[in-house]
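Chemist: Next come the chains, spelled out residue by residue.
2 protein chains.
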Amino acid sequence: MQRPVTSSSSKLETKDERSYANRGMTFEEDINHSNSYYLQSGKSVIHKKPTPVQIVSVDYPKRSAAVIKEAYFKQPSTTDYNGVYRGKYIDFEAKETRNKTSFPLTNFHQHQIDHMKRVIKQDGISFILVHFKSTQDIYFLDAKHLFDFWDGQQNGGRKSIPKSYFENFGSPIQLGFNPRIDYLKIIDELFFPDV
Amino acid sequence: MQRPVTSSSSKLETKDERSYANRGMTFEEDINHSNSYYLQSGKSVIHKKPTPVQIVSVDYPKRSAAVIKEAYFKQPSTTDYNGVYRGKYIDFEAKETRNKTSFPLTNFHQHQIDHMKRVIKQDGISFILVHFKSTQDIYFLDAKHLFDFWDGQQNGGRKSIPKSYFENFGSPIQLGFNPRIDYLKIIDELFFPDV
Ligand SMILES: [Mg+2]
Ligand SMILES: [Mg+2]
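Sequence lines, in order, name chains A and B. The opening residue of the first sequence carries number 1 in UniProt numbering; numbering runs sequentially from there. The opening residue of the second sequence carries number 1 in UniProt numbering; numbering runs sequentially from there.
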């Protein structure tokens, strides 16, 4: 199944908020759709967290809903998705890159890494879903692998994760119909091998 | 330890967004403070979810951060807090009432109840923290008890949970210093009796 290339895709590598809002819309929609499917079928309860916003000014009109008049995007201190599956805490981040041969670590912030490390210390399941846009490949990678590269980078190591690393240590996910991105299947294989 | 009575407390029973923003500020701060303490001490990873906001219009000034110019509060479809503790998924809602003898079920929406039911089906831990403002009492109540009252209400049952019910089937929490509201202690007693 091919993911359609949208006309806005050329904007997606710049760093302002507009491109952030556009970036990975389709990939994100696929994940949200998968989560809805899981929810409706009683398989898991996993939601995307609301975008964190710093609200500065709100109007309270007399006969209608409050209107936020000034607010700013805040940098998320955690990951985008969390919830529960088979009693386990699930926590992940979804990222896209147009890079063909590696996934740049600049896609993450220190506090997101800190958060994922804490989750794993609490015996939660933490991972990333990475979409290589140029080849339409999607990989599931346990966050522990990400930590290796992140910590290595700070000691002079490389600033990206080679795609070959995802091929060797991650799990590929084929786009499906329902759910579109069946990442729970990977979690079953990795964390519930006896079920 | 007495919680100071603020001068804005008389506004808190009305239903507009302004009072919502004010309602339970101190109680919410106490919970957030407790979560920070748990996080810093490596005990759990539990966060308040960002307020869900429907963003309608955003300005992108050339040399500064994007400004949200029009947005609206959305009704939350889940609960306020979630995270992980001892590998288990934790999910709860904090509520306050000035009512002296009972806790009105109007504090909840159907989709929040649906969410908590799904969490428990997934073997997660779901509960409510209720603050009776008039007496400064705080109770932990497993969400299963809430469901009994919620479902009963829809079959002609009472529209509130008597305070005596919290005394008999909930767990009281005394305000402490650090953490201020030690709800993980209750979770230990109820869900990890052997630890
Ligand atoms: Mg993201
Ligand atoms: Mg609340």
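Careful, some of the hints might be misleading.
With a cut-off of at most 16 angstroms between alpha-carbon atoms, the simulated EDC-like pairs for lysine to aspartate or glutamate come out as follows [claimed, not checked]:
(1) B:K48 to B:E70
(2) A:K43 to B:D182
(3) A:K117 to A:D148
(4) A:K43 to B:E29
(5) B:K43 to B:D148
(6) B:K43 to A:D114
I should point out that these hints are in silico values taken from the structure, not numbers from a laboratory.
Chemist: Confirm or reject each hint.
Modeler: Going through the hints against the structure:
no.	hint	result
1	B:K48 to B:E70	violated, 24 angstroms
2	A:K43 to B:D182	violated, 31 angstroms
3	A:K117 to A:D148	holds, 11 angstroms
4	A:K43 to B:E29	violated, 34 angstroms
5	B:K43 to B:D148	violated, 31 angstroms
6	B:K43 to A:D114	holds, 14 angstroms
Hints 1, 2, 4, 5 from the earlier list are contradicted by this structure; the remaining hints agree with it.
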